[in-house]
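> Given only the sequences and the hints, what does the whole structure look like? Please build it.
There are 2 protein chains.
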Amino acid sequence: MICYVARWKPDAKGRIARAAMELYGRRGYERTTVAEIAQRAGVTERTFFRHFADKREVLFGGSRRLQDLMVGAVTSAPASAAPIDAVGAALQACAAVLNDRQFSRQRQAIVAASEELRERELIKMATLTTAIAEALRGRGVKEPTASLTAEAGIAVFRVAFASWVDPANRKEVGEVMRDSLEQLKVAISA
Amino acid sequence: MICYVARWKPDAKGRIARAAMELYGRRGYERTTVAEIAQRAGVTERTFFRHFADKREVLFGGSRRLQDLMVGAVTSAPASAAPIDAVGAALQACAAVLNDRQFSRQRQAIVAASEELRERELIKMATLTTAIAEALRGRGVKEPTASLTAEAGIAVFRVAFASWVDPANRKEVGEVMRDSLEQLKVAISA
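Top line first, the protein sequences correspond to chains V and E.
For the first sequence, this note's numbering assigns the number 237 to the initial residue and increments by one for each residue that follows.
For the second sequence, this note's numbering assigns the number 237 to the initial residue and increments by one for each residue that follows.
Rather than coming from a laboratory, the hints here were simulated on the basis of the structure.
No false leads were slipped in.
Calculated cross-link-like contacts (lysine to any residue; reagent style SDA-like; alpha-carbon spacing at most 25 Å): (1) E:Lys360 <-> V:Ala349; (2) E:Lys421 <-> V:Ala367; (3) E:Lys421 <-> V:Pro314; (4) E:Lys360 <-> V:Ile359; (5) E:Lys421 <-> V:Phe397; (6) V:Lys360 <-> E:Ala367; (7) V:Lys421 <-> E:Thr366; (8) E:Lys378 <-> V:Ala426; (9) V:Lys378 <-> E:Gly410; (10) E:Lys360 <-> V:Arg394; (11) V:Lys378 <-> E:Glu408; (12) V:Lys378 <-> E:Arg414; (13) V:Lys360 <-> E:Leu364; (14) V:Lys421 <-> E:Ala398; (15) V:Lys378 <-> E:Asp415; (16) V:Lys421 <-> E:Ala325; (17) V:Lys421 <-> E:Glu370; (18) E:Lys421 <-> V:Ala313; (19) V:Lys378 <-> E:Arg341; (20) E:Lys421 <-> V:Gly374; (21) V:Lys378 <-> E:Gln419.
A short, non-exhaustive set of chain V residues, derived as facing chain E with CB atoms under 7 Å: (22) Thr381; (23) Ser383; (24) Leu384; (25) Glu387; (26) Lys421; (27) Ala423; (28) Ile424.
Given the structure is predicted, the values throughout are model-derived calculations rather than measurements.
Cβ atoms here follow ideal geometry from the backbone N, Cα and C, with glycine treated the same way.
Okay, here's the thing in structure tokens:
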């Protein structure tokens, strides 16, 4: 037990996140307070706020990194790559963030259960779409192709993500993204 | 003048909507009250609430009809139609609601200027996507094709709508929808 505490104690941020996810899942996001999360994680509220701006950030703190990774992949795709291939590269870049299926599944269920969080997720995806369209325009892609390709990429992301967190799915996230993009191509050109 | 009043007076709902749009555009949605809308339209607040549940409904009252039209078009597309063609029919069905470019342009600007309204618009589009995916499944379309095709259709809707309300655009909404769908097909299969 001492060994366990000694191992986890320094990772206050990780312990807070685990405590929050556990409480959100069990009692609901709205009904969980920062004080309860801090208590469960064995830290003060002050420590909570050193790591997270609010209780929502435990769930959305990774959004910025996801966006940076996807935009970076679009920007650094070979100059010869078609817009849809640059977006395909962005979908592969997600794997660096979506590396914990259990956490993602838990997060998905928590977000689905809260109207406030569902709205926040929609805003996050809309922001991501806009950022990817802008990155495509930065590659010289004209409108409306830039916006249409970005929207299609986020459509694939959404559907692939939901499929990946399904307990029956055993594939890696990158493979699921690739499969979904292929399925979209088939569906659109039918 | 009497003639004008006589012509418009019975259309309380139309007058309320016009008064609201004018005030939202000029002073901002958040800063406009129902009392002010009613006063400008020459009706009581009671009459306002007989026609609209709240001031947001002036802008979103058409959403349900739009959804019913699009879902109806998917459902009633020929059995032989591919999923993407059923969605194409849904995009053509929009024209029955999007028949006033000036109103749509004004509405677009009002929504863009308000965080609350932008969020509501995102929710509306997410609900529409879910409804279309369900209608496709009702036609026997399997997942993930149903969700991917619905998402792609809404992507086209979004981009085409933004293009249609642009003052430089002179095409009919149905033509813009058709063009955008074609452009998506080209972008995706590149």
